[in-house]
Amino acid sequence: NAGVTQTPKFHILKTGQSMTLQCAQDMNHGYLSWYRQDPGMGLRRIHYSVAAGITDKGEVPDGYNVSRSNTEDFPLRLESAAPSQTSVYFCASSSLQGFDEQYFGPGTRLTVT
Amino acid sequence: DQQVKQNSPSLSVQEGRISILNCDYTNSMFDYFLWYKKYPAEGPTFLISISSIKDKNEDGRFTVFLNKSAKHLSLHIVPSQPGDSAVYFCAGKETSGSRLTFGEGTQLTVNP
Chain A
-13 NAGVTQTPKF
-3 HILKTGQSMT
7 LQCAQDMNHG
17 YLSWYRQDPG
27 MGLRRIHYSV
37 AAGITDKGEV
47 PDGYNVSRSN
57 TEDFPLRLES
67 AAPSQTSVYF
77 CASSSLQGFD
87 EQYFGPGTRL
97 TVT
Chain B
3 DQQVKQNSPS
13 LSVQEGRISI
23 LNCDYTNSMF
33 DYFLWYKKYP
43 AEGPTFLISI
53 SSIKDKNEDG
63 RFTVFLNKSA
73 KHLSLHIVPS
83 QPGDSAVYFC
93 AGKETSGSRL
103 TFGEGTQLTV
113 NP
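Chains A and B, in that order, give the protein sequences.
Per my numbering, the very first residue in the first sequence carries number -13; after that it's consecutive.
Per my numbering, the very first residue in the second sequence carries number 3; after that it's consecutive.
In case anyone wonders, no lab produced these hints; they're calculated from the structure.
Predicted model, so just to flag it, every value in this text is computed and none were measured.
Some hints here could point you the wrong way.
Simulated crosslink set (SDA-like; lysine to any residue; CA at most 25 Å straight-line) [as the list claims (entries may be wrong)]:
| id | chain 1 | residue 1 | chain 2 | residue 2 |
| --- | --- | --- | --- | --- |
| 1 | A | K43 | B | D33 |
| 2 | A | K0 | A | R63 |
| 3 | A | K43 | B | L68 |
| 4 | B | K73 | A | M27 |
| 5 | A | K(-5) | B | G99 |
| 6 | A | K43 | B | E96 |
| 7 | A | K43 | A | S81 |
| 8 | B | K95 | A | K0 |
| 9 | B | K39 | A | V74 |
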């Protein structure tokens, strides 16, 4: 099993551009979430999903959209990037029973200039 | 409002000695706590957890202690090894929700 995969690893965007960060898991987990990690602030949840077709906002959802059409994939969309969205983004998955012990992907380092 | 605080951004110890990483929380509704370890250019990995009904949980070289009255938890690593050098995050969770609230992280460096 590959676990949780994320693409791309790095990306540079210009302000106002859009892009999609990809996340996929092959562990048949129901729970998927997106986090951002910023210096001195730990990890903060952006959006999450408990099943295909169901998504919900986390603590810092503004400027981001998600969709979940199947169990495996959970893309994160930035419609109009801003410098404040410069961060490292992690996708995480877990079973619904053990959603505390989440498995994280390797991360995407995004810079918005 | 920083509900979980790790007041030491960094900690340096000698190989073979004990590492103690500390974490304080303010939310009295937290009843489950976790520690994650993160190496550079990788995602965090789950290390150990503790329920609020316990005051200690042990897994090999790693032990987590919980002091509910002080709203404080600590992670002990004995003996410390150079491969333990990483950023350690603590996180708290309420039973009723799915949200993990993370601290800022502590960079542990174990010197050979």
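Checked hints:
1. A:K43 - B:D33: holds (22 Å)
2. A:K0 - A:R63: Given pair K0 of chain A, R63 of chain A holds - Cα atoms ~15 Å apart, limit 25 Å.
3. A:K43 - B:L68: violated (30 Å)
4. B:K73 - A:M27: holds (20 Å)
5. A:K(-5) - B:G99: violated (30 Å)
6. A:K43 - B:E96: Roughly 17 Å separates the two Cα atoms, so the pair holds.
7. A:K43 - A:S81: Within the cut-off at roughly 19 Å; holds.
8. B:K95 - A:K0: violated (36 Å)
9. B:K39 - A:V74: holds (16 Å)
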